[in-house]
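Asker: Please work from the sequences and hints to get the whole structure.
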Amino acid sequence: MERARRTRSVLAALTAALLAVPGITALSSAARAADADVAANGGFESDLTGWTCTAGTTVNAPVHSGSSALQATPSGSDNARCSQTVTVQPNAQYTLSGYVRGSYVYLGATGTGTTDVSAWTQSAPDWQKLSTTFRTGAATTKVTIHTHGWYGTGAYQADDITLVGPGGSGTGQPPAAPAGLRTTSVTSSSVGLSWSAVTGATGYAVYRDGARVQTVTGTSATVSGLAAATAYSFQVTALNDAAESAKSATVTATTTAGPGGGTSDLPPHALVGYLHASFANGAGYTRLADVPDSWDVIDLAFGEPTSVTSGDIRFRRCPVTECPNVESDAEFKAAVKAKQAAGKKVLISIGGQNGQVQLTTAAARDTFVSSVSDIIDTYGLDGLDIDFEGHSLSLNPNDTDFKNPTTPVIVNLISALKTLKAKYGAKFVLTMAPETFFVQNGYQYYGTGKWGGQDPRCGAYLPVIHALRDDLTLLHVQDYNSGPIMGLDNQYHSMGGADFHIAMTDMLLTGFPVAGDQNNVFPPLRPDQVAIGMPASTNAGNGHVSPAEVTKTLDCLTKKTNCGSYATHGTWPALRGLMTWSVNWDRYANWEFQKTFDAYFG
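Heads up: the sequence shown begins at 1 in the working numbering, then just goes up one per residue.
Honestly, the hints are just simulated from the structure, not real lab data. Check each hint, because a few of them may be wrong.
[As the list claims (entries may be wrong)] Derived pair list, reagent style EDC-like, types lysine to aspartate or glutamate, alpha-carbon separation capped at 20 Å: (1) Lys337 / Asp290; (2) Lys423 / Asp455; (3) Lys560 / Asp471; (4) Lys129 / Glu45.
For clarity, every value in this text was computed on a predicted model and none was experimentally measured.
Answerer: Okay, here's the thing in structure tokens:
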């Protein structure tokens with residue numbers, strides 16, 4: 001409630017200030033005959049060409065006219081501003097207009113040399129025209145026009161934005177499209193590009209998979225921050241004061257394979273499954289020796305703490321009273337060795353739905369390391385899976401930078417995992433199975449948020465993943481039992497089809513600004529570090545999809561074919577594979593999930 005009162009007071013003050021600014025409302029003055037619309041792509045028919053947006057995309061509905069419009073979604077720390085710098089003439093009159101939908105939508109101009117102006121609406125359930133005028137200063141040759149929403153108030157749309165007035169002194173024909181685009185270097189994280197100079201161009205814009213990623217003045221650029229072993233497409237446009245050229249021909253490049261992570265002896269595509277080793281449920285107990293060879297990584301579920309904050313993890317195998325067909329300890333250890341001899345990895349998974357783990361102290365951290373080591377050594381396991389759920393991980397209110405966490409339960413977990421990795425060496429397999437709320441939901445929210453009041457668990461896995469990214473073998477986010485999550489297209493995606501898995505995985509392989517902050521980006525993971533988590537059957541969890549939807553997901557992410565409405569930011573033939581809850585539930589469903597994996601990857 002306190003946050004709501006503060007937000008209303010801020011908006012009220014802003015409203016009063018805006019109404020006092022000259023030119024805040026539309027001024028009725030007809031444009032002179034010589035005037036022209038000097039804004040570029042104001043109808044957003046050429047995607048976001050010419051615009052720079054913090055959280056915007058184009059949509060086909062709703063639109064005011066044409067086939068496209070802007071849609072931008074503010075977050076708790078970003079007002080979703082889209083802007084464009086336009087060439088103008090000094091001492092000249094201009095009228096800025098546009099159509100908007102949504103709550104608290106603004107249209108304005110800055111850098112006018114006189115009085116910067118803005119028009120806004122508190123509520124526009126349907127298209128509403130905003131308009132304002134300004135006069136440029138004696139030395140003004142460029143102004144920036146912009147639209148934005150308000151923090152956390154939901155998506156807005158804008159269309160048909162015009163800036164009518166005398167054309168700038170450099171106004172003329174746009175330059176020709178660049179020719180000769182080629183790659184000059186390819187690494188695991190970057191691609192170098194060069195192209196031929198264009199007469200009259202003052203700069204060049206570089207596009208990766210259709211999205212504008214940088215602007216340069218010369219005829220070469222290096223696009224960095226890419227995922228390893230991933231295919232990308234690139235185009236370049238030429239810029240001058242008039243406009244932007246058409247895009248060049250497309251060049252494609254595939255980054256080289258990345259290093260490390262303990263993945264070298266996993267197959268190129270792996271099937272990961274959880275085995276109910278400490279309990280039985282409706283799926284029944286499955287002996288480790290009876291797990292088919294299709295399963296490359298077997299996570300023993302679960303190691304659980306003696307208390308939430310003790311750090312003391314125990315692995316108790318299912319008792320005979322609950323699992324009549326359970327094997328003996330000697331048979332179980334022999335089955336571990338047999339799986340390893342066949343090239344499989346057997347891990348202890350810590351946590352699960354009932355195993356809340358909070359390493360609040362250094363003592364708990366050290367106990368965690370020693371107790372997990374005991375389990376690994378007792379059964380001769382290959383490594384560790386972190387499946388912390390519920391309230392195991394949350395962020396303190398002042399912990400806002402995922403790259404430099406300060407919350408004890410986060411810092412101590414990172415330290416414990418690094419210690420275990422160092423103890424067992426490069427072949428130690430480390431995997432994580434967070435829920436979407438703790439990872440992809442960090443695109444919108446992180447911790448308690450700028451204004452407070454958010455769930456402190458939002459995005460809480462991000463600092464752990466980031467700190468361990470060089471040691472992490474696999475991340476398989478649970479794409480199930482999830483609410484709707486906003487993807488990089490600023491649309492909400494829900495369980496039940498390939499679209500959800502495609503959008504959630506694209507976020508991991510593309511990277512994303514945390515809580516909408518473009519200066520605080522979670523970098524992409526390598527595709528060989530990522531598997532997609534799905535329930536094995538309708539009994540296993542919410543979000544089960546049919547084999548046909550699994551195939552669509554893999555086709556889109558590894559081949560960029562069979563995609564739906566979500567446009568991915570790359571193609572990742574080295575995507576590691578699939579994870580499922582669970583081996584037991586897949587056996588119960590006649591091995592449907594395993595058969596789908598085998599049919600796809602062979």
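Asker: Now look at each hint and say whether the structure bears it out.
Answerer: Hint check:
1. Lys337 / Asp290: Cα-Cα ~14 Å, so holds.
2. Lys423 / Asp455: Between Lys423 and Asp455 the Cα gap is close to 35 Å, so the pair fails against 20 Å, i.e. violated.
3. Lys560 / Asp471: 29 Å, violated
4. Lys129 / Glu45: Judged against 20 Å, a Cα distance of about 19 Å means the pair holds.
Against the hints set out earlier in the document, violations occur for numbers 2, 3.
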